[in-house]
Structures are given as C-alpha cells and as structure tokens.
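The sequence shown begins at 98 in our numbering and counts up one residue at a time.
Note that these hints are calculated values from the structure, not bench results.
Backbone N, C-alpha and C define an ideal beta-carbon position, used for all residues, glycine too.
There may be inaccurate statements among the hints.
Label-pair distances were calculated between CB atoms; the ranges are [said to hold, decoys possible]:
| hint | residue 1 | residue 2 | range |
| --- | --- | --- | --- |
| 1 | 223 | 370 | 39 to 45 Å |
| 2 | 193 | 220 | 19 to 25 Å |
| 3 | 118 | 168 | 19 to 25 Å |
| 4 | 170 | 231 | 36 to 42 Å |
| 5 | 204 | 373 | 32 to 38 Å |
| 6 | 372 | 241 | 22 to 28 Å |
| 7 | 121 | 292 | 30 to 36 Å |
| 8 | 229 | 189 | 34 to 40 Å |
| 9 | 189 | 168 | 27 to 33 Å |
| 10 | 220 | 251 | 16 to 22 Å |
| 11 | 250 | 312 | 19 to 25 Å |
| 12 | 278 | 241 | 42 to 48 Å |
| 13 | 213 | 379 | 37 to 43 Å |
| 14 | 241 | 291 | 20 to 26 Å |
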Amino acid sequence: MRVATLAEIHRYPFKSMLGEQLEAVALADDGLRGDRAWAARDEGRGGIEGARKLPALLGCSARFAGPVSDTGSLPVPEIELPDGTRLAADDAQAAKRLSELAGRELSLWPRLPAGEEAHYRRGAPDHADLLEELRSIFGRLPEEPLPDIGKLPPEVMTSSTLPGTYFDCYPLFLLTKTALASLAQAQPGSRFDVRRFRPNLLLEADDSTGFPENAWVGQRLRVGAAVIRVAMECPRCVMTTHAFADLPQDPRVMRALVKENGGNLGVYASVESPGGVRAGDPVEVLG
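Based on the provided sequences and hints, a complete structural model is requested.
Below, the structure is given as structure tokens:
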C-alpha cells in the first residue's frame, strides 16, 4: 500500500553539521553511502560528540567535493565554517578552528572499525546525577517525561554512537512533511525547519495531518529499489532547540514535541534490502 512519496534525500558527511541534498543515492546495509562518515571527538570529556553538547557544529556544513562511489574508500569531506572558510576534514587547521568555535579541544575522525572500543566509548557526563544528565541531553523540564531509553540499541548505553559508525541508533532517519506541518500548526510561533531535525529521507505523506510515520513502526517499507524496516520512533534531544544559521534558540520546539508527540519526531530505520532510491519514488508499506 502506497503511503508517501520520497520528496528529498539528505546526506550528512560530518556528524551534526549541515549536509548535502541528493537527487538519487544507493542505500546499503549501513544507510546512505558516506552518511556520518566523519565526527568530532571531545578530547577533554572523551568520546565522540555531536551538537547536543557541541552546538557550534550546527553552524558548519560538510559535503563531498568529488563523486562518492558505491564501493572503495570515501573521499575526505570538505567542511565549511560559519565565516565561509573551507577546509578538508583531515586538515589540522579544521580541528583547530572547530576547537576554537566549540570552546573544547576536538579531534576529527573518519569512522574506525567497531573493534576500536576506546574510540567509541561514551565520554564523561556533565552531571553526576543520571536523571539530570538525561534531562539535559533530551532538553526536558522536570515535569516532562524522559524517553524510554530501554527501547534504544543496547550498544548506545556504553558507546557514544553505534560502534563502527557515527549513527546515534540506526542508519536511517525518516521524517514526513506532514509531521513538521502539524507541529507548526500546533505552535505557530516556532519554526519547525527541516534543518533542525536532519532526516535522511524526507517524505510527502499521503496523510495530511498528524504524524503518519508513527504508524510505520515495525513495518517494512519499499522505497525505490530498496526495502527498509522501521524500528522505532525517534526521541528528540536538545539539539533541535539550538540556534544556527538563521534559526533562533527555541526551547519551545521541545515543549511542542513533548506535548504533541511524546517528545518524538520521525522514525529510525534499518536497510533490509539494499537498492537505489531517487526523489519522487513511491513509498509503500509491505507489512
């Protein structure tokens, strides 16, 4: 049964930076080729870190200057800083400039093998109290419920990202335009810009209201030549409220997410059957 159309494809070569929009791409077992290929490591706290604790990354963007083949080594992405400076991710000046922007000593890394446990081990928390740390990460007020972290892959309890990748939980994130429009209608004073939420696949759902993707959890979807399995709703974090580019700091974004959809937005998915996808492809529920 057709439920949506693939409207946009987004790849983010560097974790937590703005990325690049594609017309077509091959989906592999680990998602879009080149997605979250590089990330920053906080050398003070330890651990791979994203914009939850390094919001300065949001003001940067990354792209692959050359073609990305379906096999072999990936090219090094090019980072653009807020002042327009462009540097290769492996340039020592890139780490220096990002460290200055973030106010922390950062090193920049391509993905390492999953067996490099120390590289992926979660860094030190900001708060000694676990509940306080979780409320800080997820941007929740004391009276608001925290996500059920028991639903997350067990590896992320001890690792900053899934070992061998820089994904928080799963290799794909899907979001519908309907969900963004529903939030904008519920809270017109905030901007629910797609850039705040970083989907890989932005979908034009056939349903015109609500959060259609919630109903796909546990389902298999055919998108173009690929088949994906929707694993869970995505619990959103404080990153969605940070200021960057022309978007202001806005804690009301999280208040609306909690009120309207339990703090979730979009869905995580894995690739069951690799294949090519293209903007305009139909999205069908297979069951």
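Here is what the structure says about each hint:
For the pair residue 223 and residue 370, the beta carbons lie near 41 Å from each other, so the given range of 39 to 45 Å is met. Evaluation of the 19 to 25 Å hint for residue 193 and residue 220 yields a pass: the beta carbon distance comes to about 20 Å. Between residue 118 and residue 168 the beta carbon distance is about 23 Å. The supplied range of 19 to 25 Å therefore holds. Judged by the Cβ atoms, the range 36 to 42 Å given for residue 170 and residue 231 holds: they are separated by roughly 38 Å.
Judged by the Cβ atoms, the range 32 to 38 Å given for residue 204 and residue 373 holds: they are separated by roughly 35 Å. With their beta carbons about 40 Å apart, residue 372 and residue 241 fall outside the hinted range of 22 to 28 Å. Range check, residue 121 to residue 292: Cβ separation about 21 Å, and the 30 to 36 Å hint is violated. Checked against the given bound of 34 to 40 Å, the beta carbons of residue 229 and residue 189, roughly 36 Å apart, stay inside it.
Taken as a hint, the range 27 to 33 Å holds for the pair residue 189 and residue 168, whose Cβ atoms sit roughly 29 Å apart. Taken as a hint, the range 16 to 22 Å holds for the pair residue 220 and residue 251, whose Cβ atoms sit roughly 18 Å apart. Between residue 250 and residue 312 the CB atoms are about 22 Å apart, so this pair conforms to the stated range of 19 to 25 Å. Between residue 278 and residue 241, the C-beta spacing of about 23 Å breaks the proposed range 42 to 48 Å.
Distance hint check for residue 213 and residue 379: the Cβ-Cβ separation is about 40 Å, which falls inside the suggested range of 37 to 43 Å. Between residue 241 and residue 291 the CB atoms are about 24 Å apart, so this pair conforms to the stated range of 20 to 26 Å.
In summary, the structure is inconsistent with hints 6, 7 and 12 from the numbered list given earlier, while agreeing with the others.
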